[in-house]
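Can you build the whole structure from these sequences, using the hints too?
Protein chains: 6
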Amino acid sequence: MSDDGALFDKGLPIRRSVLGSDYVDRSLGSADDFMMGIQRAATAWGWGWAWGDPALDRRTRSMINLAMLTALGRPHELKLHVKGALNNGITVEEIKAALLHATAYCGIPAGLDAFKAAHEVLVKEGAIPAKE
Amino acid sequence: MSDDGALFDKGLPIRRSVLGSDYVDRSLGSADDFMMGIQRAATAWGWGWAWGDPALDRRTRSMINLAMLTALGRPHELKLHVKGALNNGITVEEIKAALLHATAYCGIPAGLDAFKAAHEVLVKEGAIPAKE
Amino acid sequence: MSDDGALFDKGLPIRRSVLGSDYVDRSLGSADDFMMGIQRAATAWGWGWAWGDPALDRRTRSMINLAMLTALGRPHELKLHVKGALNNGITVEEIKAALLHATAYCGIPAGLDAFKAAHEVLVKEGAIPAKE
Amino acid sequence: MSDDGALFDKGLPIRRSVLGSDYVDRSLGSADDFMMGIQRAATAWGWGWAWGDPALDRRTRSMINLAMLTALGRPHELKLHVKGALNNGITVEEIKAALLHATAYCGIPAGLDAFKAAHEVLVKEGAIPAKE
Amino acid sequence: MSDDGALFDKGLPIRRSVLGSDYVDRSLGSADDFMMGIQRAATAWGWGWAWGDPALDRRTRSMINLAMLTALGRPHELKLHVKGALNNGITVEEIKAALLHATAYCGIPAGLDAFKAAHEVLVKEGAIPAKE
Amino acid sequence: MSDDGALFDKGLPIRRSVLGSDYVDRSLGSADDFMMGIQRAATAWGWGWAWGDPALDRRTRSMINLAMLTALGRPHELKLHVKGALNNGITVEEIKAALLHATAYCGIPAGLDAFKAAHEVLVKEGAIPAKE
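Chains as they are written, first to last, in my numbering: chain U, 1 to 132; chain P, 1 to 132; chain V, 1 to 132; chain A, 1 to 132; chain L, 1 to 132; chain F, 1 to 132.
Calculated directly from the structure, the hints in this document are not laboratory data.
Keep in mind that the hints are not guaranteed to be accurate.
Unchecked claim - Label pairs and their calculated CB-CB ranges:
| # | chain 1 | residue 1 | chain 2 | residue 2 | range |
| --- | --- | --- | --- | --- | --- |
| 1 | A | Lys124 | U | Lys131 | 50 to 58 Å |
| 2 | P | Gly20 | A | Asp25 | 40 to 48 Å |
| 3 | U | Arg26 | A | Asp33 | 55 to 63 Å |
| 4 | P | Gly126 | U | Gly5 | 53 to 61 Å |
| 5 | F | Ala55 | U | Val123 | 47 to 55 Å |
| 6 | P | Ser21 | V | Asp25 | 50 to 58 Å |
| 7 | F | Pro54 | P | Ala55 | 47 to 55 Å |
| 8 | A | Pro129 | U | Ser17 | 33 to 41 Å |
To be verified - Beyond 12 Å from chain F on every Cβ pair, some chain V residues (computed):
| # | residue |
| --- | --- |
| 9 | Ser17 |
| 10 | Leu19 |
| 11 | Asp22 |
| 12 | Val24 |
| 13 | Arg26 |
| 14 | Gly29 |
| 15 | Asp32 |
| 16 | Asp57 |
| 17 | Arg58 |
| 18 | Arg59 |
| 19 | Val92 |
| 20 | Ala117 |
| 21 | Glu125 |
| 22 | Lys131 |
To be verified - Chain U side only, calculated, beta carbon under 7 Å to chain V, not exhaustive:
| # | residue |
| --- | --- |
| 23 | Ala104 |
| 24 | Tyr105 |
| 25 | Cys106 |
| 26 | Gly107 |
| 27 | Ile108 |
Beta carbons are placed, not taken as given, at the ideal position from N, Cα and C, and that holds for glycine.
Rendered as structure tokens:
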């Protein structure tokens, strides 16, 4: 798995730009040899190969991910991409609408889990106020 | 998403009656505008539209949900419906049998996760004694 | 996998009674050594172990299966259990209500696929008239 | 399930406009009482409630659906929404990019099945030429 | 998505060797520009990057795929890998045991669908005799 | 569900041998009547029936489980089988390769969740050093 170097190099700045340099530096910096396996895969294939394709803009990819990760039932990854959506200029209203759209297609329990995960990030990032 | 008012009003008392007024009041009371999106959806579609249809009794819907949520891999929602099953008069023996039935169809790891989630609720609700 | 003989013997008459002797005889009769692997497993674990447990009646197990197989996305197995549901005395109205209930929890595409599969069986079995 | 009339009426013209009047007329016209259960649900919940919410434009909802239905493993529904995507002005290049994006998140077998389903529709609709 | 050339070149002979040159030539030869998107992805990522990694032998990867594709519910891809398993020297008895193992973890309906898909290939390839 | 005694007795020593006697004793010892339902099922069906079949060796079953549990999205069960894989003589390099293989088939979010779960066990078991 040594032939993905060009895609890794292409993906790294895109990943930083969408998820934030702090998060990416922490993920790569804390990774031992075992975890570097998936870090390289995610950066090369997810960010270099998929996100690096100019055929879709970042805003559209973020919108897609909100609903697709709801369907896949992956709350950890969904949280990262809620933050990425904010960085890509998507509003809280649009995130809410994407998750409601996904609820109709994935069912209510999937929707509830996605809303809870997204809400946690939105409050932490200051995009919606913490309730007193 | 403003046309679901009648279904929301129909679903709210059913939801209270199955999941408990305390839980429902807390969920709605703590919901900000973002979370009200899914709270309305769940109440209108899940409780008003599905549970509000008299073609199946509540006991049957509870039995279905125990196995269906095992299949969907949604432990948070499963826990709510274990409590709902108790409120609908389903016994611990029947909950156990429904989850074993689901294990044959969904596989052992799905069964193990469902049993753990259900057990936590059953002990908390006093339906089975906490082990010393 | 030779220790499941008692469960196989217990499950076979239950399977016949729910799915019909014709279907079961055909499945077992046409099975070569390879397919007997899963035929034995399904009969012993599904029918002897799960359905053979008296803690839930057959009607309840049928209702559960309609929704659970919708969640699992298994149209072939769902069709068998729609026929089984009819044999267990469940009405077309109840099958419809169970699949609508499942649609709220599993999403609209899962619901559409389940309705189509169930409809095919209901027409074939004469439970609803074929449209002219 | 009689309280969803307003959402059904709101959803019907949107569904016609995205999926084509011919398809929708055929679906509703051929539906007996059993199938009308899911036809009403899909129209009211999917089209009236989700698509009818102006917070996201149709183009974005189409893009989301291509990837989300790949994740859900629902080829029949995906095919409908490939046609809908064309009707909403999405290009073949964008459909391809959305499915490749989904492949990175859902895995190669999900991607292969989605490409095959989409390809069938694109050729049938004349959006890409049939190979000689 | 132009940076995966080295992995495509690495993956192509492995894919040919496991799935058969005839099948691979047909897949690539019949692919238009749209389908080449996923053909390149599958060859580069699946065959060059994953199968091309010497840390696991082909036999082990075939065994893994039989159970993993049962879990994912992808019968088309499973069929390809049943043929690949035969090419990699795996016996019919071992394929049967892998699918029974998967049945315990994925549930009976997943097992039934996998056995049917595998059986079709095994008969077609002459690995088990067609029943008269 | 009383006819699975022979399989339970056959499975128990295999389960102990793969997952460790301490873990198994704790699971069975802490189980009340409710939890014994799934403990018996897992031991009889998973360990007696599946693992007890000599047609596949334990090493192969461990390799299969790493990828299959990634596909199923069951991190708790995956953790147990990472420990089991170590007990069955599988190296950290092989575990890494199996999870990368699974990532290509199940998608990047499934891969990330599996790597995190596996990493936690590998550090706890001392198979890879904790990072300072």
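Status of each hint after checking the structure:
no. : hint                              : result
1   : A:Lys124 <-> U:Lys131: 50 to 58 Å : holds (51 Å)
2   : P:Gly20 <-> A:Asp25: 40 to 48 Å   : holds (45 Å)
3   : U:Arg26 <-> A:Asp33: 55 to 63 Å   : holds (58 Å)
4   : P:Gly126 <-> U:Gly5: 53 to 61 Å   : holds (59 Å)
5   : F:Ala55 <-> U:Val123: 47 to 55 Å  : holds (53 Å)
6   : P:Ser21 <-> V:Asp25: 50 to 58 Å   : holds (54 Å)
7   : F:Pro54 <-> P:Ala55: 47 to 55 Å   : holds (50 Å)
8   : A:Pro129 <-> U:Ser17: 33 to 41 Å  : holds (38 Å)
9   : Ser17                             : holds (18 Å)
10  : Leu19                             : holds (21 Å)
11  : Asp22                             : holds (27 Å)
12  : Val24                             : holds (20 Å)
13  : Arg26                             : holds (25 Å)
14  : Gly29                             : holds (24 Å)
15  : Asp32                             : holds (17 Å)
16  : Asp57                             : holds (16 Å)
17  : Arg58                             : holds (16 Å)
18  : Arg59                             : holds (20 Å)
19  : Val92                             : holds (32 Å)
20  : Ala117                            : holds (23 Å)
21  : Glu125                            : holds (31 Å)
22  : Lys131                            : holds (40 Å)
23  : Ala104                            : holds (6 Å)
24  : Tyr105                            : holds (5 Å)
25  : Cys106                            : holds (5 Å)
26  : Gly107                            : holds (4 Å)
27  : Ile108                            : holds (6 Å)
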